[in-house]
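Visitor: Sequence:
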Amino acid sequence: RLTGQHIDVRGGWHDATDYLQYTTTSANAIYQMMFAYQENPEAFGDAYDAAGLPGANGIPDIVDEIKWGLDWLNRMNPAPGELYNQIADDRDHAGMRLPNKDMVDYGYGPGKGRPVYFCSGTPQVRGKFMNATTGVASTAGKYASCFALGARILKITTRSLPQRLVPKP
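In this text, residue positions in the sequence shown follow the UniProt record's numbering: the first is 1, and each later residue adds one.
If you're looking for bench data, these hints aren't it; they were derived computationally from the structure. Treat the numbers as computed from the prediction; the structure is a model and nothing was measured. Even glycine gets a Cβ: it sits at the ideal position worked out from N, Cα and C. Among the hints, erroneous ones may be present.
[Claimed, not checked] Here are the in silico distance ranges between beta carbons for each label pair: (1) K155 to K101: 39 to 45 Å; (2) D8 to S120: 16 to 22 Å; (3) G11 to R97: 32 to 38 Å; (4) I156 to T122: 36 to 42 Å; (5) G58 to A137: 36 to 42 Å; (6) A50 to T122: 14 to 20 Å; (7) D71 to G45: 19 to 25 Å; (8) N57 to M103: 32 to 38 Å; (9) V136 to A51: 30 to 36 Å; (10) I156 to K101: 37 to 43 Å; (11) D71 to Y108: 19 to 25 Å; (12) A94 to K155: 39 to 45 Å.
Please work from the sequences and hints to get the whole structure.
Guide: Shown next, in the form of structure tokens:
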């Protein structure tokens, strides 16, 4: 991707009380949920729909949450050879705030977006809270392990293999 282009990376989970998102922590959380479900599926009920609203949807709630995470990882890997490992950086540490009060400005205008960092193969340290790895092998491994187990779990629980989880070499 060229610098300055918009990329759809909605979804996933924030890492702390700011709005940074990392593939490292998200992939770990997703994998832990998948492993727990794989080992003990009967421990997980279905009381909510995929949007988190009351009412069963025929899919265990943990699988809805797993799918939410996998959908985000997929957006962070939109094409072959295109991996991203982080949304936002130190500039986001403007104090705790609710999303409707979020006016952090990364140069696009207050509240108008955050940078998404590409796995370039070179160190990407930009401040104290930046991923210090080169990003490629570590991030690709996390994607691969999540997509592999995720495809298996989603095929069993939703009766279809999501094509979007097919590896993108």
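Visitor: For every hint, state whether the structure bears it out.
Guide: Comparing the hints with the structure gives:
Between K155 and K101 the beta carbons are some 41 Å apart, a value that agrees with the proposed interval 39 to 45 Å. Between D8 and S120 the Cβ separation comes to about 20 Å, which falls inside the hinted range of 16 to 22 Å. As the Cβ distance of G11 to R97 is approximately 20 Å, the hint placing it in 32 to 38 Å is violated. As the Cβ distance of I156 to T122 is approximately 39 Å, the hint placing it in 36 to 42 Å holds.
Range check, G58 to A137: Cβ separation about 38 Å, and the 36 to 42 Å hint holds. A hinted range of 14 to 20 Å is violated for the C-beta pair A50 and T122, which are about 38 Å apart. Our hint of 19 to 25 Å for D71 and G45 holds, since their Cβ atoms are close to 22 Å apart. At about 35 Å, the CB distance of N57 to M103 agrees with the hint of 32 to 38 Å.
In this structure the hint that V136 and A51 lie 30 to 36 Å apart at CB holds, the actual value being about 34 Å. Range check, I156 to K101: Cβ separation about 41 Å, and the 37 to 43 Å hint holds. In this structure, D71 and Y108 meet the distance hint of 19 to 25 Å, their C-beta atoms being roughly 24 Å apart. The given range of 39 to 45 Å is respected by A94 and K155, whose C-beta atoms sit roughly 42 Å from each other.
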